[in-house]
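Visitor: Here our numbering is used: the first residue of the sequence shown is 1, the next is one more, and so on.
Honestly, the hints are just simulated from the structure, not real lab data.
Incorrect hints may appear among the rest.
[To be verified] Here are the computed lysine-lysine pairs in the DSS-like style, where the Cα-Cα straight-line distance is at most 27 Å: (1) Lys193 with Lys237; (2) Lys237 with Lys175; (3) Lys237 with Lys180; (4) Lys193 with Lys180; (5) Lys23 with Lys175; (6) Lys62 with Lys23.
[Unchecked claim] Label pairs and their in silico Cβ distance ranges: (7) Gly160 with Lys23: 25 to 35 Å; (8) Gly160 with Lys237: 41 to 51 Å; (9) Arg109 with Gly171: 15 to 25 Å; (10) Ala137 with Gln207: 23 to 33 Å; (11) Arg109 with Arg220: 10 to 20 Å; (12) Ser42 with Glu120: 17 to 27 Å; (13) Glu56 with Asp185: 56 to 66 Å.
Glycine residues also receive a C-beta, built at the ideal position from the N, C-alpha and C atoms.
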Amino acid sequence: MELNSRADDTQESGYYPVFLSLKSRLCLVVGGGSVGERKTRSLLRCGARVRIVAREMTPGLKALCDEDLVTFAGCDYEEAHLDGVDLVFAATSDRRLNLEIGGQARRRRLWCNMATDPGEGSFIVPSVIERGPLSIAISTGGMSPALARMIRERLDREFGPEWALFLRLMGSLRKAIQLKGFESDENQEIFRKIAGLPLLDRIRDDQRTEALHDTMEACRPLLDWNELNQIWDEIWKPFSLSSPRSATPAGPSGT
Numbered sequence: 001m002e003l004n005s006r007a008d009d010t011q012e013s014g015y016y017p018v019f020l021s022l023k024s025r026l027c028l029v030v031g032g033g034s035v036g037e038r039k040t041r042s043l044l045r046c047g048a049r050v051r052i053v054a055r056e057m058t059p060g061l062k063a064l065c066d067e068d069l070v071t072f073a074g075c076d077y078e079e080a081h082l083d084g085v086d087l088v089f090a091a092t093s094d095r096r097l098n099l100e101i102g103g104q105a106r107r108r109r110l111w112c113n114m115a116t117d118p119g120e121g122s123f124i125v126p127s128v129i130e131r132g133p134l135s136i137a138i139s140t141g142g143m144s145p146a147l148a149r150m151i152r153e154r155l156d157r158e159f160g161p162e163w164a165l166f167l168r169l170m171g172s173l174r175k176a177i178q179l180k181g182f183e184s185d186e187n188q189e190i191f192r193k194i195a196g197l198p199l200l201d202r203i204r205d206d207q208r209t210e211a212l213h214d215t216m217e218a219c220r221p222l223l224d225w226n227e228l229n230q231i232w233d234e235i236w237k238p239f240s241l242s243s244p245r246s247a248t249p250a251g252p253s254g255t
């Protein structure tokens, strides 16, 4: 049987994939359990400001409050807690309370994530694998959290920490070449050559000299040896293949 991969493009999902810039944005998290802590920490990593409402909190959340990394706004939720926020997370174990928060957020045209009833919220949070600047989001539209976890685990094995260094290299080379003022078509040809090099294997096997030579061949004559050597030094020194792989797991609601 032949499957038409485009047959259901306009059906089933109902979600639009997007990455949000939350730097300095105020986000409300209601709920101080493990779900609330996970949401809070992921928001802080994005540079967001976090307002917490919770009767009880995990030790981790208490520590964040004690260090003034988040703002504790009270034990009991009130609609006034929505004032001035950009994003809402109803992360309590009380389904009725979460629905109340979601309804009030909707009336205020605020985006709200619901821990107990993800379909009732205005957005869901995907499972994410992060390798430095590289982020890979996985979602099944809430249909199968188990499948989302399985896909995440498979990708987690496939995309090692060497991808973080490789992406930083591409970013540094792009910036250096653009500063030279070459034509866009010429730049694209260089980046196609670099993408085809075995640099991921070189990085994984700690072959810095070989990686530098490969890059030199692809970038000649746009960049000279000293420029490339400096770029490699800057990205290689802080890099460690022993650093743990990081993945943001799907929450209890799943995606």
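Visitor: None of the hints should be skipped; say for each whether it holds.
Guide: Checked hints:
| no. | hint | verdict |
| --- | --- | --- |
| 1 | Lys193 with Lys237 | 24 Å, holds |
| 2 | Lys237 with Lys175 | 19 Å, holds |
| 3 | Lys237 with Lys180 | 25 Å, holds |
| 4 | Lys193 with Lys180 | 18 Å, holds |
| 5 | Lys23 with Lys175 | 23 Å, holds |
| 6 | Lys62 with Lys23 | 22 Å, holds |
| 7 | Gly160 with Lys23: 25 to 35 Å | 28 Å, holds |
| 8 | Gly160 with Lys237: 41 to 51 Å | 19 Å, violated |
| 9 | Arg109 with Gly171: 15 to 25 Å | 36 Å, violated |
| 10 | Ala137 with Gln207: 23 to 33 Å | 31 Å, holds |
| 11 | Arg109 with Arg220: 10 to 20 Å | 54 Å, violated |
| 12 | Ser42 with Glu120: 17 to 27 Å | 21 Å, holds |
| 13 | Glu56 with Asp185: 56 to 66 Å | 60 Å, holds |
Violated hints for the displayed structure, listed by number in ascending order: 8, 9 and 11.
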